[in-house]
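Take the given structure of chain W and dock chains U, Y, X, G, D and B to it, following the hints.
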Amino acid sequence: MKFKPLHDRILVKRLEDEEKSKGGIIIPDTAKEKPSEGEIVAVGPGALNNEGKRNPIDVKVGDKVLFSKYSGDEVKIDEQDLIIIKEEDVIGILN
Amino acid sequence: MKFKPLHDRILVKRLEDEEKSKGGIIIPDTAKEKPSEGEIVAVGPGALNNEGKRNPIDVKVGDKVLFSKYSGDEVKIDEQDLIIIKEEDVIGILN
Amino acid sequence: MKFKPLHDRILVKRLEDEEKSKGGIIIPDTAKEKPSEGEIVAVGPGALNNEGKRNPIDVKVGDKVLFSKYSGDEVKIDEQDLIIIKEEDVIGILN
Amino acid sequence: MKFKPLHDRILVKRLEDEEKSKGGIIIPDTAKEKPSEGEIVAVGPGALNNEGKRNPIDVKVGDKVLFSKYSGDEVKIDEQDLIIIKEEDVIGILN
Amino acid sequence: MKFKPLHDRILVKRLEDEEKSKGGIIIPDTAKEKPSEGEIVAVGPGALNNEGKRNPIDVKVGDKVLFSKYSGDEVKIDEQDLIIIKEEDVIGILN
Amino acid sequence: MKFKPLHDRILVKRLEDEEKSKGGIIIPDTAKEKPSEGEIVAVGPGALNNEGKRNPIDVKVGDKVLFSKYSGDEVKIDEQDLIIIKEEDVIGILN
Amino acid sequence: MKFKPLHDRILVKRLEDEEKSKGGIIIPDTAKEKPSEGEIVAVGPGALNNEGKRNPIDVKVGDKVLFSKYSGDEVKIDEQDLIIIKEEDVIGILN
Chain W
1 MKFKPLHDRI LVKRLEDEEK SKGGIIIPDT AKEKPSEGEI VAVGPGALNN EGKRNPIDVK
61 VGDKVLFSKY SGDEVKIDEQ DLIIIKEEDV IGILN
Chain U
1 MKFKPLHDRI LVKRLEDEEK SKGGIIIPDT AKEKPSEGEI VAVGPGALNN EGKRNPIDVK
61 VGDKVLFSKY SGDEVKIDEQ DLIIIKEEDV IGILN
Chain Y
1 MKFKPLHDRI LVKRLEDEEK SKGGIIIPDT AKEKPSEGEI VAVGPGALNN EGKRNPIDVK
61 VGDKVLFSKY SGDEVKIDEQ DLIIIKEEDV IGILN
Chain X
1 MKFKPLHDRI LVKRLEDEEK SKGGIIIPDT AKEKPSEGEI VAVGPGALNN EGKRNPIDVK
61 VGDKVLFSKY SGDEVKIDEQ DLIIIKEEDV IGILN
Chain G
1 MKFKPLHDRI LVKRLEDEEK SKGGIIIPDT AKEKPSEGEI VAVGPGALNN EGKRNPIDVK
61 VGDKVLFSKY SGDEVKIDEQ DLIIIKEEDV IGILN
Chain D
1 MKFKPLHDRI LVKRLEDEEK SKGGIIIPDT AKEKPSEGEI VAVGPGALNN EGKRNPIDVK
61 VGDKVLFSKY SGDEVKIDEQ DLIIIKEEDV IGILN
Chain B
1 MKFKPLHDRI LVKRLEDEEK SKGGIIIPDT AKEKPSEGEI VAVGPGALNN EGKRNPIDVK
61 VGDKVLFSKY SGDEVKIDEQ DLIIIKEEDV IGILN
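Chains as they are written, first to last, in our numbering: chain W, 1 to 95; chain U, 1 to 95; chain Y, 1 to 95; chain X, 1 to 95; chain G, 1 to 95; chain D, 1 to 95; chain B, 1 to 95.
Just chain W, with the same shape it has in the complex (with noise of 0.2 angstroms):
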């Protein structure tokens, strides 16, 4: 089954412990808005701006991000527990 994410939504994969980037990034407990590290599976073709044209979307698929985790749908999709947020959600690739 496929799902194809509409104008600037991206759907990403949480990522458990043991596949977490090695060497690695930390999001400290005391954080007041702690971000989720995630691997990109979909992006939409982009949200149209003023002038009617698609933005690009920055991240690709297989892309390791982080997130903003207090926004987005979750779905499970062939049994796969995945979310669904908008790309401004993401803060950053890790690589």
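The reader is advised that the hints may include incorrect statements.
Some chain Y residues flagged as far from chain X (calculated, every beta-carbon gap over 12 angstroms) [to be verified]:
#1 L11
#2 K13
#3 S36
#4 R54
When the alpha-carbon atoms are kept at most 16 angstroms apart in a straight line, the in silico EDC-like pairs for lysine to aspartate or glutamate are as follows [claimed, not checked]:
#5 U:K4 x Y:E88
#6 B:K60 x B:E16
#7 X:K13 x X:E74
#8 U:K60 x U:E39
#9 D:K34 x D:D78
#10 G:K53 x D:D58
#11 B:K53 x W:D58
#12 Y:K69 x U:D63
#13 D:K34 x G:E39
#14 G:K53 x X:E51
#15 D:K4 x B:E88
#16 X:K4 x G:E39
#17 U:K4 x U:E51
#18 W:K4 x W:E74
#19 Y:K86 x X:E51
#20 B:K60 x B:E39
#21 W:K69 x B:E74
#22 U:K13 x U:E74
#23 W:K4 x U:E51
Here are the simulated distance ranges between beta carbons [said to hold, decoys possible]:
#24 X:Q80 x U:E51: 36 to 46 angstroms
#25 D:K53 x Y:K53: 16 to 26 angstroms
#26 D:K53 x B:D78: 52 to 62 angstroms
#27 W:P28 x G:P45: 24 to 34 angstroms
#28 D:K34 x Y:S71: 20 to 30 angstroms
#29 X:I26 x Y:K20: 21 to 31 angstroms
#30 U:R54 x B:K53: 17 to 27 angstroms
#31 W:E88 x D:K34: 36 to 46 angstroms
Hints listed in this document are in silico derivations from the structure and should not be mistaken for laboratory results. Only a predicted model underlies this, so the values are computations on that prediction, with no experimental measurement involved. Here a beta-carbon is modelled for each residue, glycine too, at the ideal position from N, C-alpha and C.
Chains U, Y, X, G, D and B in isolation, oriented as in the chain W frame:
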């Protein structure tokens, strides 16, 4: 009888359990804002952008979609329970 | 007597039960924001967009429409109960 | 004495019962936001849009109009009770 | 001493009763937001619009104006009580 | 040590009574939002407008200005008490 | 390990007392919204403006900056305490 949505509105039929996509997408009960699964029945011509041109609608009649369920006007047309939402409330296309 | 709406306003006659579209659209009593059925009596010239041009109005006199009923100024013109709404409050056209 | 409204403001004389349009428009007492009937006394040059050009004003001196009455500054000029409103508060023209 | 307002600000002298326009404008005590009468003492160069150009100021030094009195910074320059407001708070010009 | 403000920020030195402009401007104690008198110490390059160009800053180093005092970050640089504000908080130039 | 911020985000290392700029900037304890001193570790590609072009970022890696400390996500990368903020939260560059 026909219903033609205006602007960026679309007419959606909520899918019952037996009609839902197989193989499958599951919305966990723990999801904060649980989205719904539906099938597009009619689409509007698109909203006008700042330049007075219509933004294209990214879904078409027959698409099975996931949409935010806390939006939209419920109507019953020809015995069918339908809901009128805005295209921005469609999260993605299932296929 | 005539009433010419300004900008993107339109003048709508609420439809009584016997005038309503047959075959038919039903607004369930359980709908959170129950829309109304009406017929367009007059339309404004369109609002000005950011570039100073008028956005076209997507409905015309005689159209039977569904509109959000929590908006608009109620008036009585030549013994008819009418309501003045904005075009964006029209949800779609029935035919 | 003259008063020249600025931008998109217009100067309106509220109409007394005997001056009101015949044949006629009635604002029901049950209307939630009861509009008023008035005659345009002076109009501003139009507000500047995003491109620095003036948006035209859709009413002219002498027009009998319906306007939202919960807006505007009340003034008395040469013994006349007048009200200064913005053009967007004019709902439509009566004729 | 001179004071040069920035952007779309203007410097206004409130008019005392004996300086007020004759023949005349009266602000009723019952007015909800009672405007004030004043004379323009200095005007700014205009605010920048979205395209980076200055919007012209529609009043000039010496104009007698009506302005919203719930806005602006009060200052005393060379023994004169003045008020600095934005041009959008000027309702119109008296003459 | 140098401090280069970013965007449309400017660095201002609050003026003590003996440094204030003579002949003179007085902020009445009754003023609702009492502005402050200061001297510009550094200016940013200007904020980017919607077209991606920088809006010019209307003040320069050395200008004595009036500014809204309920905004800005206070800092002490090389023993001097300074305040970093946005250019829009400068009300006007004294000279 | 590398972290590439997205859009107009930047990665900042808070400066400890012994690393802070000499000669020097002091944030008074009485400051209402006390800013922090930091060093830029990574910068995003810039946010897209209304025309779909990237706005340039006015800081570069290595810049010592003052930034608003009530914003940003705290992370720990390779044993370093870092904070991810938006470029608009950078108040200015110290040098």
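Outcome of the hint check:
1. L11: Its Cβ does come within 12 angstroms of chain X, the nearest being 7 angstroms, so this is violated.
2. K13: holds (14 angstroms)
3. S36: holds (14 angstroms)
4. R54: violated (10 angstroms)
5. U:K4 x Y:E88: holds (14 angstroms)
6. B:K60 x B:E16: violated (20 angstroms)
7. X:K13 x X:E74: Roughly 10 angstroms separates the two Cα atoms, so the pair holds.
8. U:K60 x U:E39: The given pair, whose Cα atoms are some 10 angstroms apart, holds under the 16 angstroms limit.
9. D:K34 x D:D78: Not OK: K34 (chain D) and D78 (chain D) at ~27 angstroms, beyond 16 angstroms, violated.
10. G:K53 x D:D58: With Cα atoms ~13 angstroms apart, K53 (chain G) and D58 (chain D) stay inside 16 angstroms; holds.
11. B:K53 x W:D58: Between K53 (chain B) and D58 (chain W) the Cα gap is close to 13 angstroms, so the pair holds against 16 angstroms.
12. Y:K69 x U:D63: violated (30 angstroms)
13. D:K34 x G:E39: violated (22 angstroms)
14. G:K53 x X:E51: The hint holds at about 9 angstroms.
15. D:K4 x B:E88: holds (14 angstroms)
16. X:K4 x G:E39: holds (15 angstroms)
17. U:K4 x U:E51: Not satisfied, since the Cα-Cα distance of roughly 24 angstroms exceeds 16 angstroms.
18. W:K4 x W:E74: Judged against 16 angstroms, a Cα distance of about 15 angstroms means the pair holds.
19. Y:K86 x X:E51: Roughly 25 angstroms separates the two Cα atoms, so the pair is violated.
20. B:K60 x B:E39: Holds, at about 10 angstroms.
21. W:K69 x B:E74: Roughly 13 angstroms separates the two Cα atoms, so the pair holds.
22. U:K13 x U:E74: Measuring from Cα to Cα gives roughly 10 angstroms; hence the hint holds.
23. W:K4 x U:E51: violated (28 angstroms)
24. X:Q80 x U:E51: 36 to 46 angstroms: Given range 36 to 46 angstroms: holds, Cβ gap about 43 angstroms.
25. D:K53 x Y:K53: 16 to 26 angstroms: Taking Cβ atoms as reference, K53 (chain D) and K53 (chain Y) lie about 24 angstroms apart, which means the hint holds.
26. D:K53 x B:D78: 52 to 62 angstroms: Between K53 (chain D) and D78 (chain B), where Cβ atoms are some 39 angstroms apart, the hint is violated.
27. W:P28 x G:P45: 24 to 34 angstroms: violated (49 angstroms)
28. D:K34 x Y:S71: 20 to 30 angstroms: At 42 angstroms between Cβs, range violated.
29. X:I26 x Y:K20: 21 to 31 angstroms: holds (25 angstroms)
30. U:R54 x B:K53: 17 to 27 angstroms: The hinted range 17 to 27 angstroms holds for R54 (chain U) and K53 (chain B), with Cβ atoms some 23 angstroms apart.
31. W:E88 x D:K34: 36 to 46 angstroms: holds (39 angstroms)
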